[in-house]
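What follows is each chain in one-letter form.
2 protein chains.
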Amino acid sequence: MATRKPAPDTAVEQVDTSYLEGLVGYNARRATLVIVDAFLRNMAVYGLKPVEFSVLSLIAHNPGITSRQLCSTLNIQPPNLVGMINQLQRRELITRRPHPHDGRAMGLHLTPAGRKLVKQAELTASELEDAATARLSPAERKTLMQLLRKIYI
Amino acid sequence: MATRKPAPDTAVEQVDTSYLEGLVGYNARRATLVIVDAFLRNMAVYGLKPVEFSVLSLIAHNPGITSRQLCSTLNIQPPNLVGMINQLQRRELITRRPHPHDGRAMGLHLTPAGRKLVKQAELTASELEDAATARLSPAERKTLMQLLRKIYI
DNA sequence: TATTGTTATACTCTATAACTATA
DNA sequence: TATAGTTATAGAGTATAACAATA
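In order, the protein sequences belong to chains B and Z. Residues 880 to 1032 (our numbering) make up the first sequence, in order. Residues 880 to 1032 (our numbering) make up the second sequence, in order.
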């Protein structure tokens, strides 16, 4: 049997991503990266990254919340929260007060400056959310969040 | 005017996450983390992490694709792809061949072993996608992907 | 004995600057 | 002059082990 001469390579003109686009994980990851990127750009004026914003917002809506509760709510490891809490305290955005009935824990609270910053940051977050989801109708945006929650809850 | 005695702190029983749950970014991030986690667990048998899987799958569906094309398709920086490509080549899953009409570039191709691995890995990816989206109907899953694409395209 | 918060530390991921060879 | 691929390197993000104080 004769040896077949190999066909010459051809260049890829247009990358075919149809397989990956059929995966929810791929689409969720790509969409998340876009929103996180917009978040980083718009929240830089407040000196807040996504997790720091989430932490401040959770303290705002749950005054007295503990580090442990923040960790389990946001799925972050306790050692990785320590530096962030210290930094937010140095920036005088939060205070630590003794927990009412657990001597090991500290309740976290916003300072007046923290409350002011969260208020502004939440407003900016809403605006950038609207921009990121500009191609979705309000109903679609609601549907999207409901479907995403069905995955992670 | 008399000084008001501060109210004693009360503990947070149930963390209120309703504000964050109203943000698409928060929900997308949480859902992505859940799927990526499942991916890492299920793909460990193949020694593939999400980006490595995406790279191999793109090479499978686009034989001759270049590193540069992979980078712009997957939004990764060229220096971060170099080590991955070298590793996949050492594992004898891919080969580099001269690009047909660009002497600077190399076309990437799967080896027979690479093709076999991608085939199995894509099957496993479909299974874990089904598990992650078990609470979604097929129509909802399709809707979810369409809505996510409207954000990142 | 278990849990909260903490320190130290390591590993991964991602980003930038600068180089070479080709276009 | 611009681009593909590469090297070196730095920063950010995330993970585990181990400890003191308290439950």
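One thing to keep in mind: the hints can contain errors.
What the hints assert, rightly or not - Pairwise CB distance ranges (calculated):
hint	chain 1	residue 1	chain 2	residue 2	range
1	Z	920	B	947	30 to 36 Å
2	B	995	Z	886	18 to 24 Å
3	B	892	Z	966	40 to 46 Å
4	Z	889	B	990	17 to 23 Å
5	B	893	Z	926	42 to 48 Å
6	Z	957	B	990	15 to 21 Å
7	Z	991	B	892	37 to 43 Å
8	Z	894	B	1013	26 to 32 Å
9	Z	926	B	1010	35 to 41 Å
10	B	995	Z	998	23 to 29 Å
11	Z	957	B	992	41 to 47 Å
12	Z	1022	B	981	41 to 47 Å
Said to hold, decoys possible - Computed footprint of chain B on chain Z; a stretch qualifies when at least three of its residues, placed anywhere within it, have a C-beta under 8 Å from a C-beta of chain B:
hint	stretch
13	899-911
14	965-975
15	1017-1030
What the hints assert, rightly or not - Within a straight-line C-alpha distance of at most 20 Å, the following computed PhoX-like cross-link-like pairs (lysine-lysine) qualify:
hint	chain 1	residue 1	chain 2	residue 2
16	B	1021	Z	928
17	B	1021	Z	995
18	Z	928	Z	995
19	B	998	B	928
The hints are simulated quantities; they were obtained by calculation from the structure and are not laboratory data. Remember, it's a predicted structure, so these values are computed and weren't measured experimentally. Cβ atoms here follow ideal geometry from the backbone N, Cα and C, with glycine treated the same way.
Can you give the numbers of the hints that this structure goes against, from lowest to highest? 1, 3, 5, 6, 7, 10, 14, 16 and 17
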